[in-house]
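Chain order of the listed sequences is A and B.
Numbering of the first sequence is given in our numbering, commencing with residue 8 and proceeding in unit increments.
Numbering of the second sequence is given in our numbering, commencing with residue 431 and proceeding in unit increments.
To be clear, the hints were calculated from the coordinates, so they are not data collected in a lab.
A quick note: this is a predicted structure, and the numbers were derived from the prediction, not measured.
We put the beta carbon where it would ideally sit given N, CA and C, even for glycine.
Don't take each hint at face value.
Computed spacing ranges between beta-carbons, pair by pair [unchecked claim]:
1) A:M66 / B:K914: 50 to 60 Å
2) A:S59 / B:A799: 52 to 62 Å
3) A:N12 / B:D769: 42 to 52 Å
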Amino acid sequence: MHKDNTKLTEEIIRASGVNPKKCMKCGKCSATCPAYDEMEYHPHQFVYMVESGDIEPLMNSKSLYMCLSCFACIDRCPRGVEPAKLVEAVRLSVIRQQGKNHMTADDVPAKLSEDLPQQAIVSAFRKYTK
Amino acid sequence: MQRIGVFVCWCGSNIAGTVDVHAVAEALKNEPGVVFSTDYQYMCSQAGQDIIKNAVKEHNLTGIVVCSCSPRMHEATFRKTAAAAGLNPYMVEIANIREQCSWVHKNMQTGTEKAIILGKAAVAKVNLNTPLTPGESPVTKRALVIGGGIAGIQTALDIADAGFPVDIVEAKPTIGGKMAQLDKTFPTLDCAACILTPKMVDVAQNENIRIFSYSEVQEIKGFVGNFDVTIKKKARFVKEEICTGCGACVEKCPMKKIPNEFNLGMDNRRAIYIPFAQAVPKVATIDPNACNMLKNGKCGVCSKVCTAGAIDYTQKDEIISEKYGAVVVATGFNPISMDKFDEFAYNQSKDVITSLEFERLTNAAGPTAGKLLRPSDLEHPHTIVFVQCVGSRCAACAEKGKEYCSKICCMYTAKHAMLVRDKYPDTEVYVFYIDVRTPGKNFDEFYRRAVEEYGVKYIKGMVGKVTPEGNKLKVQASDLIANKQLHIDADLVVLAAAIEPDKSARSLATMLTASMDTNDFFTEAHPKLRPVESPTAGVFLSGACQGPKDIPETVSQASAAASKVIGLLCKDKLTGNPCIASANELMCNGCSTCANVCPYGAITYEDKEFMMPDRTKALRRVAQVNPAVCQGCGACTVACMSGAMDLRGFMGSQIIAEVDAICK
């Protein structure tokens, strides 16, 4: 584990309030995830990668913006790990590092599509801005 | 003044490695009352004990301090040594200089200092010790077994075989429990009924066993050897001793739509019913909530068709009082409710079932006569998904599931999957697992056979969502090894529901003052060395009431509990523990605080006449401790506000003397 990574990992764990060590690797988060196919790294991988300090690939992945924040993984995780909170924490640290929001209100109309769940649009502002 | 001998043990290098044992023996020589002090390699050895015995004689010792391991290890040994030398065994005190000293200290100097202090405390206490004599109580040579499943049956049979009378109290109309509902048993796949029903018949025919079926324990009083138990035998409106179990009444009963509990509500029974063909006792029972005659006084068909004249609509609950020497708890388990697991659509689709329901669906005496048909449309299912750990290992959701592993699900799911593939090879069978846990004789081989020989598809991952759509169940799951999300169109989904102790266990534990864990499983006296005894004397544990268990383990534990009961019932008298509480009647103000905190119900109150200082007589309410019931826990002594309660062998003055010796 890279030294900088240790700090980053700790930061993400602290910001999210998640203890990835509680994960028993059952995969129910990924089984329940409606955005699974859109994600390069699936919820259970998020937990595992944060646990092992493998943060950089997560920060560079578009998976961060595919999570709907529907919290199904949080609701159904039998160990109370709350993977969506980790996704959110990583996303926040990316937005903070780049110093600007991931999207603005003007970007929204172009992204609208009939298949897109409403919930995703509503939560987009909350999620992709500081 | 006492004449005290101090014996410091080296315990090989266990103590001598970090404690200067010679220095300890020397230092304690100067303590008040000490007339002899020595050290030896192994005090508990025969030679070590002889040193003690000889010293008692040579120096006329009246008290002994052994500086050694925990009293849990060898207190009994040294008490016997003292008794053999003619001393009262309660004149022995142990200073624990191993677990609480040498093992936790690394430095010889600090270890030695602490050992000396612990020794001084023990000497201070012995100076105030008085000889104690344990009381005796008689033993009622009859055992009570609560619960008539395989655990209760095995325990009762073993106790009865030893020649002692046993009563089984079973809440259901028949004994047999969960095992009677099972189809096949792992890992040998013999039919559950074929191996269980002969045992049920043995119980019925055994002269030493009485069965109180359709009954419950209402009250338990007393203590080891002398339990007074009140049993409520619920009215079944059928005279048990006359009914022949012919079933004519059941056939003619017009109330046909009562959900059948034995088949978990998957078919119907009548208002008068016999749970299953091999029921013991084979006696009909009328369900008072369903019977028209009992509810409205209209019908009476069963009494007309009963040629034996066994129907009695006026029957009342019967209260039975009996004395027992020992109580065995065998209250078993139930699968947890699936109501809160919306993601598996258990309440939305009839085709999402629990594993116990699956047992009934494959059982020849079940609702489908043993043909595997899905409940919604009685079609043969071609794709079946088994989900493991539903509600087990669920730390996040106490209101939904259980934190523990239910232990039996991996094996019965492998069994179900294998049996389906064997009988219906055209069926695709998936098992979603988190871990496959199959320790046990021939267990892992069994699971591997399901995979390798029967082609069951085991997938590492969990099901996230089941959605009923048309006549299919859309199963969304993860395959962690392929790192894929799977979508399976299933015909039947089987949930391996976690198991929990029967609901009756908690109230029973309260009646017995037996301890339970946070999951309501009964706690054993020692998790390794006393696994079938409750910490409450005279109460024994059999089967799943103590923790999740499969049949082989349950039967072993049942027999183990029986042997403990037999050991108890063989005795004519029990020697009590003399270290019990007693009240100083002159100081007691009758406030009841001690009675309220006593976990054993050992304290009662009595109005006693006292001579007052002005020579008048007055009635005062004072506490009385039943010496046979008191376990010497000391709760009353700290609760007592007037300082009237004291614990023999651990008097307040003795404890203070120890503290003083440490602080000096």
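Comparing the hints with the structure gives:
1. Roughly 24 Å separates the CB atoms of A:M66 and B:K914, a value that falls outside the hinted 50 to 60 Å.
2. In this structure the supplied range 52 to 62 Å holds for A:S59 paired with B:A799, their Cβ-Cβ distance being about 54 Å.
3. Range check, A:N12 to B:D769: Cβ separation about 44 Å, and the 42 to 52 Å hint holds.
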